[in-house]
Structures are given as structure tokens and as C-alpha cells.
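Participant: From first to last, the protein sequence lines stand for chains A and B. Under numbering that gives the first Met the number 0, the first residue of the first sequence carries the number 0, and numbering increases by one thereafter. Under numbering that gives the first Met the number 0, the first residue of the second sequence carries the number 0, and numbering increases by one thereafter.
Just so you know, these hints were derived from the structure itself, not from any lab. Source: prediction; values computed, not measured. Honestly, I wouldn't trust all of these hints.
Stated by the list, open to error - In the BS3-like style, the derived pairs of lysine-lysine whose C-alpha atoms are separated by at most 27 Å in a straight line are:
| hint | chain 1 | residue 1 | chain 2 | residue 2 |
| --- | --- | --- | --- | --- |
| 1 | A | K72 | A | K154 |
| 2 | A | K241 | B | K95 |
| 3 | A | K120 | A | K72 |
| 4 | A | K118 | A | K108 |
| 5 | A | K243 | B | K86 |
| 6 | B | K95 | B | K12 |
| 7 | B | K95 | B | K48 |
| 8 | A | K417 | A | K241 |
| 9 | B | K38 | B | K18 |
| 10 | A | K243 | B | K18 |
| 11 | B | K86 | B | K38 |
| 12 | A | K241 | A | K154 |
| 13 | A | K417 | B | K48 |
| 14 | B | K95 | A | K243 |
| 15 | B | K86 | B | K39 |
Stated by the list, open to error - Reference excerpt, derived from the structure (chain A facing chain B, CB under 7 Å, subset only):
| hint | residue |
| --- | --- |
| 16 | A73 |
| 17 | S163 |
| 18 | G205 |
| 19 | V248 |
Unchecked claim - Quick list of simulated restraints, FRET-style, between CB atoms:
| hint | chain 1 | residue 1 | chain 2 | residue 2 | range |
| --- | --- | --- | --- | --- | --- |
| 20 | B | A89 | A | D331 | 50 to 56 Å |
| 21 | B | D74 | A | S513 | 54 to 60 Å |
| 22 | B | L36 | A | I281 | 56 to 62 Å |
| 23 | B | S82 | A | R367 | 17 to 23 Å |
| 24 | A | D462 | B | L36 | 54 to 60 Å |
| 25 | B | S81 | A | A332 | 19 to 25 Å |
| 26 | B | T100 | A | Y145 | 57 to 63 Å |
| 27 | A | R244 | B | K18 | 31 to 37 Å |
| 28 | A | Y145 | B | V6 | 41 to 47 Å |
| 29 | A | I281 | B | K18 | 44 to 50 Å |
| 30 | A | L147 | B | P37 | 31 to 37 Å |
| 31 | A | D331 | B | R76 | 31 to 37 Å |
| 32 | B | K18 | A | A332 | 39 to 45 Å |
No residue lacks a Cβ here, since even glycine has one placed at the ideal position from N, Cα and C.
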Amino acid sequence: MQVQEPLTILIAEDSAADRLLLSTIVRRQGHEVLTAANGAEAVDLFRRQQPDLVLMDAMMPVMDGFEAARQIKALAGETLVPIIFLTSLTESEALARCLEAGGDDFLAKPYNQVILAAKIKAMDRLRRLQATVLQQRDLIAKHHDYLLNEQRVAKAVFDKVAHSGCLSAANIRYLQSPYALFNGDLLLAAYTPAGDMHVLLGDFTGHGLPAAVGAMPLAEVFYGMTAKGYGLAETLREMNAKLKRILPVDMFCCATLLCLSFQRRSVEVWNGGMPDGYLHRIASGERVPLAARHLPLGVLSAQAFDDRTEVHPMAAGDRVFLLSDGVIDTSDASDQLFGVERLQQVFAANREPDRLFEDIEQALRDFRGEARDDVSMVEVSLLEPAQVKPSAPVYSDSGQSCPLDWSVSFEFRGATLKRFNPLPYLLQLLLEVHGLRAQSGALYSVLAELYSNALEHGVLGLDSSLKRDAAGFARYYQQRNDRLEALQDGFVRVHLQVQPQGEGGCLVIRVEDSGKGFDVARVMERPLDGVRLSGRGVSLVRQLGRNASWSDEGRSARVEFSWEVEA
Amino acid sequence: MSVVTEVSPDGQKLTISVKGRFDFGRHQEFRESYERLPKKPDSIVVDLKEATYLDSSALGMLLLLRDHAGGDNSDVRVVNSSSDVRKILAISNFDKLFDIT
Chain A
0 MQVQEPLTIL IAEDSAADRL LLSTIVRRQG HEVLTAANGA EAVDLFRRQQ
50 PDLVLMDAMM PVMDGFEAAR QIKALAGETL VPIIFLTSLT ESEALARCLE
100 AGGDDFLAKP YNQVILAAKI KAMDRLRRLQ ATVLQQRDLI AKHHDYLLNE
150 QRVAKAVFDK VAHSGCLSAA NIRYLQSPYA LFNGDLLLAA YTPAGDMHVL
200 LGDFTGHGLP AAVGAMPLAE VFYGMTAKGY GLAETLREMN AKLKRILPVD
250 MFCCATLLCL SFQRRSVEVW NGGMPDGYLH RIASGERVPL AARHLPLGVL
300 SAQAFDDRTE VHPMAAGDRV FLLSDGVIDT SDASDQLFGV ERLQQVFAAN
350 REPDRLFEDI EQALRDFRGE ARDDVSMVEV SLLEPAQVKP SAPVYSDSGQ
400 SCPLDWSVSF EFRGATLKRF NPLPYLLQLL LEVHGLRAQS GALYSVLAEL
450 YSNALEHGVL GLDSSLKRDA AGFARYYQQR NDRLEALQDG FVRVHLQVQP
500 QGEGGCLVIR VEDSGKGFDV ARVMERPLDG VRLSGRGVSL VRQLGRNASW
550 SDEGRSARVE FSWEVEA
Chain B
0 MSVVTEVSPD GQKLTISVKG RFDFGRHQEF RESYERLPKK PDSIVVDLKE
50 ATYLDSSALG MLLLLRDHAG GDNSDVRVVN SSSDVRKILA ISNFDKLFDI
100 T
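Construct the entire structure; sequences and hints are all you get.
Facilitator: Take a look at the structure:
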């Protein structure tokens, strides 16, 4: 048995003889002794010397033991200072009063040395236990504060990165717990140079810091590549490769990535491991599920990764709704999951589309009684192109080295067309010309239209009239994937020519393809309406660029951009 | 024990059965179930007959197991999954990596 450390013990006893007797016994057991002749003295001594344990006579003049015990317990606060009442009282009511006043035990007079020593020892054990508990509690509280502070700092840094996008855009509504990041949930949104909107809802495996560490590199790739004009496929490949490289084998990120095109009125979707999202067609009330077709990001090697996306047509006002598994995996007291069926019941009962989140939250509360902290939802609606106001990119260079007189030609052939998207490179090159920067959105849109027309209608020979209705729309993109996969020959040529012109300059873009061409005169007769799903590309190019024209039976397109004063 | 392992007499086949919730709490047991074997088995079966629920960290554990068993050259089968568990495996498209029945 452990040798007992000497304690400082306060003896409060009004009888001088008893006091002397007790002091002698206790001192002989190896403890320091303080003595008081009444309750008031005891409280005073306690305040000055903080003894570890008190032996307290119940009946004393000036202040009795009960009152002294109450005051000493109050002074001791959370620290356990055991009080053993010394009493000749025998009625159970009086003994109970000792404990009610804060006494921890009592010892009947006359004193039995062996029992006294045992009681002191027992009380000392309790005292130490309490001290250890308090110390550990404080340590845990300190660590907890430390952790919260770390999370606060990490979140502040991350928010700067994550919210550099356009989550605050008018057509986005989202709901995330403030510390969703530390539950592995991630929501990002940004405009492409063409004014399309990319949105990512992701969910990393696990919780806490491990779940949050992958978010930063993912956000960087997302924002960097979106701003440069890369499409979903290239961005997904890069995100997957990066996560595969840096994350341990058992960590990955389920994600849904959207590209909402206001010009083309469509949404492109890639879903890897997230619950079904929904495309809500307001006119028909239909909700098209956007199901997971892929493994999460960070699982497959770059070679095995599948970047195939689906494209759905949308009408202005249609909405895309995405959610994390926190919604459908919320479980009630008996481990029943909320599930997709209940979610669809909420959809069916929802009368005001703007109150969908609230309806879902209410349903979760009704189901479970408390909310999970990893519920993320986002809803993006399709605006009229005129309502979209992408923020202007910020350029950091000084403008002293602007190239103004040059031309360049590219020819992209079969195998390159399959995988490679040259648009970001072309745009970066053109934006070295500072005069063009003010029109970067229009420039990118026109380049993108000309390139995709040359590739899809020219090289791949796809019929744009397929896109007249929703079913054809899906078929069109299916055919696009299939033909691109099988592509052997063909080319798209891009010629860029920049020349100074007065104070400003002029850019001529020519795009040629190896396809069959089209009936230029008939297409040019169409009004510049841009409302139909099909053939919108040509009218967009004519509206955004100058002197758009087609030659060589539609195989060669030409358009100009000019600027007045050097920016 | 919520993770029970059984090795066939010839040591070729390892069966890992998970009972109850298959989540982060099973991490240690699950890893040990295949790491402590003296010899790598040729094939591994994960029996989820008595698993009631599976979360994303369980998916991570399955990936670790697959990696340990040789990645793309591994033979890991997931059997007897309940409809709830199968839904979760389907959403994650894990049927592209594992033979799931």
C-alpha cells in the first residue's frame, strides 16, 4: 500500500482536553495539525492556511460546526476539502444534519485511533481523486479551447480561399453548418471566363482535421482551372489526380460537379459517390435525378479515372438541387435512416420552391428531434443570360509588355481532339493583349462556340437539330461521347492574328474544320434570337463578335474583336 | 467481437465478417484482421450479412484492404450485403472496384 503523504489537518474542537488528545493522535500519524477552539476560528484558519482536511466538532460556542462546515465548503469551491464531524450525537437526525451541512463523514466520540486513521486515509483518497478529475477536466478544456482556436484559424484561412468564388451569387442558395469543413463537407462555386457557373459539392471521408486537409488543394484546383476556362472533364481529372497523389488510400472525396451554362441553357453533371441530386423542371414539376455514376475523387488512378459527364437541357427558372449524405443518412432513435423516400415525400409536399430547405430541415427535425451537423444543401437556378453578372477577373501584371503585332496558327488533330481542350491556352495567350481583357468573357464565349461548332458539327458530324427537345439533347451528348471516343482523323485549325490599329488594335480569329460544312446562307437568314436549344452558337458568335462570317461552305469561320485605347 | 475472421484450411482464402455498425469504431479490428496474417491469402471475402450500416470510413477501410491485397490485381469480394448497405455501396460506385453480391 502506498505510504500516505503528510496532510495539513485542521482540528476544530472547543474542549481543550479533546483538542490536545486529537492533536496528539493525528500528529503521531504523521500529519501537520492546526487547531481552532470554535467555528469562527476554524473558518478564519481555513481561509489563511488552506488545510487539506478538517476534523470538526458539531457543538461549539461562537459558531457551531454546521455553520463552519458550510462556510469552509463555500471557500473551498471545487476543491474537495473533506470534513469529518466529531460528534457524541447519536440521533440519526443530528448525524444527517452533519452531512447536509457539507460534512463528508463523522466519527463518534470517544475516538478510536485505528478508525480515525482509516477515515483520514479514505478521505485523502477521495480528495486526490477529486483533484485528479479537476486537473484532467481543466486539461481537456484547455485542449478543447486550443482545438477550437485552431479550427477557427483554419476556417478563416479556408473561407478566404473557398469564398473567393461566387457562392453569394443571386441564383445560389445553400445551407451548411458553420463548421461543415470539419465534417468534410465542401461547397465551391465560380464563374468560367465564358460566364458559365461551376459548382462543386464535396464530402471527404471522415471527420475533423483529416477530413478538412484535402479541401484546400481541391479548392485551389477548382478555382484555378475554372478561372482559366477549363471544362469539367479537365478539372475533374486534375482534382482526382491530385487527391490520389496526396491522400492516404482510405481517404477520398465524394463530389458532384456542375457546369451551369446560361447561354446554352443546360447543366453538365458529374457525380462521384454523392447521393442523387435533382434537376427540378419548374414547368412540368418533374425532378430528374442526377445519380452517382462514378467512384469518388481520389480513388482511381489517373489512367482509370472516368471523366464522362451528362448534359441536361434547362429552362430559365429551373433549379438543380444537391445534398450531402448527412440529409438522407440522418437516423432516428431506432437507427432508421431518413432515406431517399422520405426526401421525395418532402419534394412532393413542397408548395413553395423557395422554402424547400426549410421543409427538409423541418422533416429532419420531425424525424429525429435533432439536426446532424453535417447536412449540406445547395440549390442553383438557371438565370436568363442577361441577369448573370460574373465578376471581372483581376490581373496582376503591370501592362508594360503587351504584344500587339503577331499571329499564330494551330492545328489540333484526331487524338488531341479526344482529350485535350485547347481553349484555356488560347485564352491565356490572348489575354496577354491587355486591350482584350475588358472583353475576355465575350472572347472566351466566341472561341468556345467556334471551337465546339468545329469539333461537334464539323469533325464529329453531329446534327445540332437533335438538341430541339430534352430527349434529343441527351442523345446528342451521348453521340458526342461515342464519336469522340471512336475519332481517328479530322482536325480543327485555329488562326489568331493581332494587329495594332490606331490607338488600339484588332484581333482576327479564324477557325477551320475538316467536316462537311453547312448551308451558310440558310443559317444566316435566321433571326438573331438565341432562344431555341439548337443552333444557338452561330447567333451568339454574331452577337458577341464583329463581322462574323463563314466561308468554304461553312468549314471556315471568321470573327473580329477590336479595341480603341490601350488598357 | 464485431469483426470475425476465418482462414480456409489451405490458407488461401480469408473471410472477414463484420457485425453491427461498420464504421470508424471498427477501424483497428478490421485492419488487424488481415494485417496479422503470416501469409497473404489469394482471395478475400468480406461478409456483411450481419452489418446493419456502413459509413464512408468503412468504404475507406475496404479501399485499404483492397490496396493491401494488391490493388487492381486483388481478389476481394463483398458478400451478403443488405439492401441498405448495398445502396450505400451503389451510390459510391464501389461495384466498379469490388465484386459485390
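Participant: Run every hint past the structure and note whether it holds.
Facilitator: Right, here's what the structure says about each hint:
With a CA separation close to 43 Å, the supplied pair K72/A and K154/A exceeds the 27 Å bound. Proximity of K241/A to K95/B is assessed by CA-CA distance (about 21 Å); at most 27 Å being required, the pair is judged to hold. In summary, the hint linking K120/A to K72/A is supported, as the alpha carbons are separated by about 20 Å, within the 27 Å threshold. Of the pairs offered as hints, the one joining K118/A and K108/A holds, with about 14 Å between alpha carbons and a cut-off of 27 Å not exceeded.
Taken as a hint, the K243/A and K86/B pair is honoured in the structure, with Cα atoms around 25 Å apart against an allowance of 27 Å. The suggested pairing of K95/B with K12/B holds, with an alpha-carbon distance near 22 Å, which does not exceed 27 Å. Among the hinted pairs, K95/B with K48/B is consistent with the structure: their alpha-carbon atoms are about 21 Å apart, no more than 27 Å. Using a Cα cut-off of 27 Å, the hinted pair K417/A and K241/A holds, with the two alpha carbons roughly 22 Å apart.
At most 27 Å may separate the alpha-carbon atoms for a hinted pair to count; K38/B and K18/B meet this at roughly 25 Å. For the hint pairing K243/A with K18/B, the CA-to-CA distance comes to about 30 Å; that exceeds 27 Å, so the pair is violated. At roughly 33 Å between alpha-carbon atoms, K86/B and K38/B are farther apart than 27 Å, so this suggested pair is violated. Between K241/A and K154/A the alpha-carbon distance is near 22 Å, which keeps this suggested pair within the 27 Å criterion.
In summary, the hint linking K417/A to K48/B is not supported, as the alpha carbons are separated by about 44 Å, beyond the 27 Å threshold. As the CA atoms of K95/B and K243/A are separated by approximately 17 Å, the hinted pair is consistent with the 27 Å bound. For the hint pairing K86/B with K39/B, the CA-to-CA distance comes to about 30 Å; that exceeds 27 Å, so the pair is violated. Below 7 Å, beta-carbon pairs count as interface contacts, and A73/A has none with chain B, the closest being about 44 Å; its hint is therefore violated.
A least Cβ separation of about 27 Å between S163/A and chain B goes past the 7 Å threshold, and the interface hint is therefore violated. The closest approach between the C-beta of G205/A and any C-beta of chain B is roughly 6 Å, which is under the 7 Å cut-off, so the hint is satisfied. Taking 7 Å as the C-beta contact cut-off toward chain B, the hint placing V248/A at the interface holds, the least distance being around 5 Å. One distance hint, 50 to 56 Å for the beta-carbon pair A89/B and D331/A, is violated here, with the actual separation near 23 Å.
Distance hint for D74/B and S513/A: a CB-CB separation of about 46 Å, inconsistent with the stated range 54 to 60 Å. Taking 56 to 62 Å as the suggested C-beta distance range, the pair L36/B and I281/A conforms, at roughly 58 Å. A C-beta distance of roughly 21 Å is found between S82/B and R367/A, which places it inside the suggested range of 17 to 23 Å. Hint check: D462/A to L36/B, Cβ distance near 59 Å, so the stated range 54 to 60 Å holds.
Taken as a hint, the range 19 to 25 Å holds for the pair S81/B and A332/A, whose Cβ atoms sit roughly 20 Å apart. Checked against the given bound of 57 to 63 Å, the beta carbons of T100/B and Y145/A, roughly 48 Å apart, lie outside it. Restraint check, R244/A to K18/B: a C-beta distance of roughly 35 Å satisfies the suggested window 31 to 37 Å. Distance hint for Y145/A and V6/B: a CB-CB separation of about 45 Å, consistent with the stated range 41 to 47 Å.
In this structure the hint that I281/A and K18/B lie 44 to 50 Å apart at CB holds, the actual value being about 47 Å. Taking the beta carbon of each, L147/A and P37/B are about 45 Å apart, not inside 31 to 37 Å as hinted. Here the CB-CB span from D331/A to R76/B is close to 32 Å, well matched to the stated 31 to 37 Å. Take K18/B and A332/A: their Cβ atoms lie about 21 Å apart, and the range 39 to 45 Å is violated.
When the structure is compared with the earlier hints, violations turn up for hints 1, 10, 11, 13, 15, 16, 17, 20, 21, 26, 30 and 32 and for no others.
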